[in-house]
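Colleague: Please model the entire structure based on the sequences and the hints provided.
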Amino acid sequence: MSEAYRYIGKATPRIDGEEIVTGKAAFLNDLKFQNLLYGKVLRSPHPHALIKKIDVKKAEQVKGVKAVITHETMPDWKNGNPPIRLLDKKVRFVGDAVALIAAETERIAEEAKKLIEVEYEILPAVLDDYEAMKPGAPQIYENLPGNLLPLGIPNRKWATEIVTGDVNKGFEEADVVVEEAYAYDNIPGPGFPESPAAVALWEEPNTVTVWVSNHKIWRNKHELSVTFGNDVKVRVIGGACGGSYGSKVMSIQVQCYAAALSKATGRPVKVSLSKEEQLSTFVLRPATRLHAKVGMKKDGTVTAIAGSWVLGTGYYSMTTQVQLGVGCGEAMIAVRCKNWDVKPAIVCTNRNASGIVRGFGGQELKCALIPILSHAMEKLSLDPFEVLKKNFVKPGDGYYWRNAEWYDYRGIDYSRAMDEGAKVFGWKDKWKGWLKPTAVKGAKRIGVGVGIHGNADVGEDVSETHVRLDNDGRVVILAGLAEHGTGQRSNVVKVVAEVLQLPLERISISPGDSMVTPFEWGPAGSRGTYAILGAAIAAAEDAKNKLFRLAMPMLGADDPKDLETSDGIIWLKSDPQKRIEWEKVLRFRTVLGYGRFEEDYSLSNCMMSFVELQVDTETGKVDLLRVVNATDVGQVIDPHGLQGQLYGCLGSAGIDSAVFEETIVDPTTGCILNSNLIDYKWRTSAELPVIDNVVLETPIDTHRFHAIGVGEITTSPGPSAVLMAASNAIGQWLHEYPVTPERILKALGKIGRNIQKKEGGR
Amino acid sequence: MYSREEKPGSMACAGKSIIGLTVNGQLYKLEIGAEAGKVDPSDTLSFTLRETLGLTGTKESCDSGACGACTVLMEGKAVLSCMLLTVECDGKSIVTIEGLRNPQTGELDILQQAFIDHTAFQCGFCTPGMIMSAKALLNENPSPTEEEVKMALSGNFCRCISHYQVIEAVMDAAKKGR
Ligand code: FES
Ligand code: FES
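So the sequence lines, in the order shown, correspond to chains R and Y.
Residue numbers are given in our numbering: position 24 of the first sequence equals residue 9, and the series is strictly consecutive.
Residue numbers are given in our numbering: position 80 of the second sequence equals residue 84, and the series is strictly consecutive.
Accuracy of the hints is not assured; some may be wrong.
[Said to hold, decoys possible] Computed beta-carbon distance windows for the label pairs: (1) Y:GLY37 <-> R:LEU35: 57 to 65 Å; (2) Y:GLY69 <-> R:GLY383: 48 to 56 Å; (3) Y:GLY69 <-> R:LYS74: 32 to 40 Å; (4) Y:GLU152 <-> R:GLY427: 26 to 34 Å; (5) Y:GLU39 <-> R:SER551: 58 to 66 Å.
In short, the hints are calculated from the structure, not lab data.
In this text, all values refer to a predicted model and were calculated from it rather than measured experimentally.
No residue lacks a Cβ here, since even glycine has one placed at the ideal position from N, Cα and C.
Modeller: Dropping the structure here:
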């Protein structure tokens, strides 16, 4: 396909490449501000307590301290679902914000922090999701009995369950019915390298500028506007973002701290969390516990799924309800089934909040659902590859999406990509049947597994782009985008260059600044390729059309269709000698093209991951040996960027959340015990598995380049595949993530059964 | 305030009122003290590079020796600048990511170019540290095997998982550098 294009599908350098490799790329902490103050956050040592008294006098007297804010003096700003105060009289997890300090230097702010005297009334805490739902459990919010959060989103139609068909009938039709409980509740963190940070400048009476490290500038502006009230003018500026994986949308709290301190001092204030603060107070993956019954026929048809899905969100929720809706839709995309009755609940506990991480609800649900389906497949001796392939959404099927609307799927059949992946992996040879190792070498056993994921958020929400043709023949793209690693900004430049047939060097893209760019929901749910590029393409086409209309009289054309352009020259198709440079057409004017993308949930992406791992039955260690990711992207836009996203399957709470990653909360104190990069385990380059990425290009009905994004979902199919592979390797069902040596040895009966006893929880 | 000199001058050593650091070939004389622009005895090298000298190409991520984001070269070897006190680096020669391109021609180092050619980064936050670790490896071992590259970079945290493309880039740079 790519041969037809000048840039699309070809490797082109990232537009910020030189800045990145020379250290010039400016992340938030690299920006310089005049008169800057440094903000710090005093945090609660208790998981649940009331602030009886707070005395800030000593702290305020420290030379260089400019402001100290407590719940008594904090503006009454609220956010979340339901909205809660940013500084409250009650603290709800170890690390909850108690006071904010702004000072001339970080050291002074740190010193002053220690001088704040707080008297707490300690309340009983609850850390386990099931315990929190029981009668008599400590209540985290007065108005949320049972610690259950409202489902859905205020004032919007939103999916809150999967209920369709008749499950009783479905179970009757089944050849086998299984009932199982699985959890994916090791709450790994997104773990981005650049800690959450923001600088805010509040100019009285009502203007605030916030420099953010966030990939979603306009969403950020929207959330801040809602929090501050509409009489406040908010401008958000986002530069290079050092990793997000979706989660930095939740930086809103940090931004509000900076804004409050700036409002109090009249000076710009930076709040930049330490790595420990990030890992212990910033969002984690939501916890999932699924108890479900599934019915399956001998041919792998799923006849019914019924159960309860409990999502643990920690003390707060901003997006968990959204993730729930998307997770439900993604389950329907992955499992064609006529009869569903899955009832979710969102529960809060006294740990830090859960929020967005790649996989967004669907990874959470599927990590429990696929293992339960696997039990049915085992009973029927079915090959999981065949069953997952058969059950993934096909043209003619449909699903309820997050807005609770039904969508007829109009995408492609991904079976070919799956078959190709299986071939490259060697699935047919390696699959030996359920709970059977692929190979045994002494104490070491090899096992294989497979997982799948698809997301219709590829077409979520709104994007707008302006493409401005300047009178010097150059092009400026106005797009509300910050680069966070996917190469999105470069890809926007690329598609505009393709539409306008211009050298890449003639095109620049504006900084991500809400004051100069049109609305852009920002990268999320792999929407970049369809939605963001869709708006950019439309804007470039609009600009080109307007340019042609200006050129028509100069070239004696009657219709823009009579003209063609390349490298800044326009000519008459019927008489290519009749030509004119853009500069001459534009002279003393600019042309502004506008493009808009509106939501479309009738397409889904797809990724299937195959994993091969080795279990050492003596030590319990699991080594991931190989991963094959199979997908069809319609048309590759940028091959290197795509490979990068696919390799990303390991990190950001992806595959490794099944191998070794977990956040460990002390069940008695509520403290996170591994909130540093030594104790929080991460994969090093010394232990990389082989990864093969199988990428097909079957044109998909999106925009003129027929491409669909997959970046967000690459973390998602792997974890359940790891659980399957490890279970096969040792010949025992493993029920918990990650597959630590303890769990392996326990399953093998080599260590006591009382380790990590967990009647639903940590 | 610090003063810049073209050539190394004499350093006050015993009294330690001033220390000298050569960074990217340029000598900086830095006064010891708590005021802005001076070096506090508790300042880390990464802090001095970033905040005092304005060389923000070196990143701080964990600030505790665990992630490699702050890697710079000291006397040609990779060190974690967040784990060194600046006062300990008196008289040392340091190269940061800003010092890799040829100061005369402005040309990028072979490694930097290879990182661009292979898009060996995603968010790019870990990249300066990755490149400096790779540079130290190639200084010592111009023709490493892939295994040696993996080992040399194993202290560099990359959450985006740029490793696969980084390894390609380093192998490519090693080939071109020979
Ligand atoms: S910042 Fe120095 S090792 Fe992490
Ligand atoms: S490229 Fe993002 S952490 Fe390495």
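Colleague: Each hint needs a verdict: does it hold in this structure or not?
Modeller: Status of each hint after checking the structure:
no.	hint	verdict
1	Y:GLY37 <-> R:LEU35: 57 to 65 Å	violated (44 Å)
2	Y:GLY69 <-> R:GLY383: 48 to 56 Å	holds (53 Å)
3	Y:GLY69 <-> R:LYS74: 32 to 40 Å	holds (39 Å)
4	Y:GLU152 <-> R:GLY427: 26 to 34 Å	holds (28 Å)
5	Y:GLU39 <-> R:SER551: 58 to 66 Å	holds (60 Å)
Of the numbered hints given earlier, the model fails hint 1 alone.
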